[in-house]
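Trainee: Sequence lines, in order, name chains A and B.
Numbered according to the numbering used here, the first sequence spans residues 866 to 1466.
Numbered according to the numbering used here, the second sequence spans residues 866 to 1466.
By construction, these hints were calculated from the structure, which means they are not laboratory data.
Remember, predicted model here, so these are calculated numbers, not experimental data.
Treat each hint with caution, since some may be false.
Put simply, identical chains are the same to the list, so a pair is met inside one copy or across any two.
Each computed DSSO-like pair below joins lysine-lysine, with the alpha-carbon atoms no more than 27 Å apart [what the hints assert, rightly or not]:
#  : residue 1 : residue 2
1  : K1413     : K1320
2  : K1113     : K1320
3  : K1034     : K937
4  : K1107     : K919
5  : K1376     : K1107
6  : K1034     : K1107
7  : K1113     : K1034
8  : K1332     : K1280
9  : K1113     : K1002
10 : K1332     : K1376
11 : K1380     : K1280
12 : K1413     : K910
13 : K1034     : K928
Each chain is listed here by its residues.
Number of protein chains: 2
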Amino acid sequence: MSFIIEFEPLGIHLICEAPLTLLDAARQVGIHLRSECGGKGTCGKCRVRFISGKGNQIKSDEKILLGESQIKGGYRLACRTLVNRTAQIYLPPDSLLEKQIFQIEGKYAEFQPRPAVQVQAVELTPPSFSDLRSDLKRLSDTTRQFGLHEIQSGLGFIQHFGEQLRRSKWRVNLIHNQREWLYTFPPGDFHPLGLAVDVGSTKLACYLMNLEDGTTLAARGEINPQIVYGEDIMSRLSVILKNPDHAKELQKLVIHSINEAAQSMCQSLHRNIQEIADVCLVGNTAMHHFFLGLPSQPLAVSPFIPATNSSLYPRAADLGLQVMPNARVYCPPPIAGFVGSDHLAFLLAAGFDGNQHKRLGIDIGTNTEIALQHNQRIVSVSTASGPAFEGAHIRYGMRAAPGAIEHVSIDENGKPTCQVIGQSTAIGICGSGILDAIAELHRVGLLNSRGRLDKNHPAIKFDPEGKPFYELMPAGDSQPRITLTQHDIDQVLLAKGAIRAGIEILLDYLKINVKQIEEVIVAGAFGSYMNPEQAIQIGLLPDISIEKVHAVGNAAGAGARMMLVSTEMRHRALALADNIEYLELTIYPDFPLFFARGIQF
Amino acid sequence: MSFIIEFEPLGIHLICEAPLTLLDAARQVGIHLRSECGGKGTCGKCRVRFISGKGNQIKSDEKILLGESQIKGGYRLACRTLVNRTAQIYLPPDSLLEKQIFQIEGKYAEFQPRPAVQVQAVELTPPSFSDLRSDLKRLSDTTRQFGLHEIQSGLGFIQHFGEQLRRSKWRVNLIHNQREWLYTFPPGDFHPLGLAVDVGSTKLACYLMNLEDGTTLAARGEINPQIVYGEDIMSRLSVILKNPDHAKELQKLVIHSINEAAQSMCQSLHRNIQEIADVCLVGNTAMHHFFLGLPSQPLAVSPFIPATNSSLYPRAADLGLQVMPNARVYCPPPIAGFVGSDHLAFLLAAGFDGNQHKRLGIDIGTNTEIALQHNQRIVSVSTASGPAFEGAHIRYGMRAAPGAIEHVSIDENGKPTCQVIGQSTAIGICGSGILDAIAELHRVGLLNSRGRLDKNHPAIKFDPEGKPFYELMPAGDSQPRITLTQHDIDQVLLAKGAIRAGIEILLDYLKINVKQIEEVIVAGAFGSYMNPEQAIQIGLLPDISIEKVHAVGNAAGAGARMMLVSTEMRHRALALADNIEYLELTIYPDFPLFFARGIQF
């Protein structure tokens, strides 16, 4: 069974097949940890910390080097730590010699929180022989006074609340979601928590929220552990087509990760995971189906029909989430087989509302969804852009973090100049660096309009298998040789082609000229780092004035947070969902032509 | 851990602490199986069959004696079968030398079945690129045509129905309970099953019903396996008071038994347990709370408050019942801490409706509930009568089955004449025999008005510990000496006293003279076998004309079946529940006096 090691805050991951030390794992992905003793376990510089997962038993020599307080803090020496299962590793600045990164948060419109979940403090008369009402009757007689007579009691609540009533002497905080009672807490201040989750094919974004004021208390990004079953949706779906039993495993993996993220965020705030009273989860349709245990086989075969496109609000415990007993998970509706509730959340956060305003919305991810709003219509498409823009499938791809090449210029002789985040040694190249490099390679003639490297140019080199590549940075003392291969370029051009074809088809379908577009909203981590000029230059975006392009970061996560803390936003999203027309690209007339044109410069 | 061996159809059980052979177990409770070889395993006459549970591995000598076909039929030789866990054993007529018994079924009023669960056959248009509706939308668009637009879809249904749709080429039978979709079956004839359960402290009655026409397809009575935690409610409650963890165990035991009973009834009809689409369960309040996992500690302490007195309809799977996925269990409301939904079911089946008609209803069991209807009021009380009338706690007590003494007369010299069911050798005494014996002992002066045996009378003998008893039948070649001890008599008189006190207090409370009572309805197994004349003679019932007394057998089970197959009956029961006033006997003025008077003749 393969497993994943993820290095934070760099966002680089390695899929491993056999046990290895963390030092070796880091080397394999080009991360150079301080290691003055050369990995002999004597210098103590390669300190790392497990965020999740664990390594082999710590031995006495390592204990002596780290000292008691560091051991208590969860530190290990990377060179002495053998790992054989999935783990997320934090690399402290000292071990890397660099300052930490920041990550752009999804931006979203201002709105008033109006959470589904609310707290009602009550005090009941204790029972006696002259007042033999049952616990539930006693409770409902009292809550009726607060206008809460329509709130139902499920078995799970009835099983629990009577004990709390007696324990806290008939005074309690009652938690409800306006439909049913969820749980009781002792009297006193209680501020319920909420959990918003955006499940992407590659990344899982979790946000811990204060339900009452809508503030984000903590956020965690993790690799979607389902990645061991395939990097993109289609490969995971085909695993399930071959053996439907794997669906349960995919479900378990993602739920386990969400529990872990929620647990660790709660711990960091000294809160209990059972104080999470409401959850909102968005994701592409396959992730949505995997999470909910819905049959996903129909998503794998034409015409790609989802099980449902209604919103669902199942009990969290039924799915294995360890939040407040009886709490529910709000799952907004998916739109189509390949346009999920994450797209809906993106459009909600980006203010799409089906008005006259002509807007293009692009959420770039392993799957890219694009929506065009025009004349009170919203039409959405989905393209399999692949994970290239997230740095995956790119030899030296990484997130925009210290050590990433973020800008590249190439002179007329084909000689590169690279700008590295943190001005330290380079360990990889991030999305904006890749776009720069490709645009520059094309500009100086090293890349032709069909996207092939010029094999006759002296700046183009060849690997031992004879495959051409371009060298961005030569190998140095503490850095690998960083290159861009023909395969890397192909990945990016295929992704760009898919996205551009989607945009062009939408314009064609709604008969809009690109000049009429008033705003382009780009979401997704890549979109935040992308330079709009470059995006237009390589043809990812059509020729449009740069001021019209706005990056909004993880807008799907922002939309999930909005729906978590506001029932009004849930209603708005449902109305929006009803308004979205799905257009199937693959059967659109001349789709192959649009795609071929999209790939070219 | 103790375990129970129950012998059917005699209804005699033995609580065992250590492994023993079935032959020894039978002997201990006075059942003499044919055993010509004296238990050496050579005659092959003591054949028995396991209904549930199992014994030690069968060995070759036993195999030879039984032959292949009997082994396949599940037969064993009692003398060769060692048992160390709970089992229910069927004693074939040949092994007992007697014909089988019959059991009176609960009688109930005629009514039209109107089940909550219904079947709708549908055919859907398959999806295509020109019709990309999700599975659920496709379904609801079709079912709307049948007026079923208000039926909800829970996660469990959405997880399953799409696969069945595709497997049976978009034609299916949909099962719903008028509130939500439960499940889908392939097209064709489908007649859903229902399960009605009456959980008594001692016995569990399960009925498999045809939901559509309301007929009973099979019935099973079993010992309530919770009996290992105490024979009556209070002892089980005190076990939980000491250690709340035992509540889970009590819940598991009863659910396991219900599953086993349902499974075996379904098997006998070549049906699948998953075809059970609705369940209705009644029981006394403690049994109701144990089954539902509700906290029962408050039932153990004054003022004995139940968690709820609303009807509940939780998902069967949440409780561990193996019926149709997503099916629910209808649990009618308990009335008070010691007046359960079984009492409500009894009153429903017995036609109590709060009209002018003056009626007394008595459901005799380990706990006896009594209701008096008068002038549009129904007042109910509960008395802890103990299991004496069910034969438990009586040295030779047994159900009215072959081998039971059913009539006793005693001459002026104190010499008994006994009539045995099946005119075979006696193995015990059933309720009517006990009442006869006590009435006769009193009549001839062997028992004084305070219920003490006359120690100076020559017909009264003494056991080795010096305790007095009366011999009904001397020991014979193939029968034990059958006696009635002072302890047996005490048990019966305490039970009689508790019931009579309840009746008298109700008459006092509603200010009715006993002569005004128009009908007395007696339910419970004991009530069916009881001779009303004797009951009046010993003072269990007040002095009332015999024609007014009607036995209705297991009326609680009958009421459960009515509510299972008719939503109208559920509504009628809820209205009835609202109308029932609970009267707490223990705080009634002069209760001890009523009780003391009730015990006397």
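Trainee: Hint by hint, work out which the structure violates, then give me just those numbers in ascending order.
Mentor: 1, 2, 3, 4, 5, 10, 11, 12 and 13
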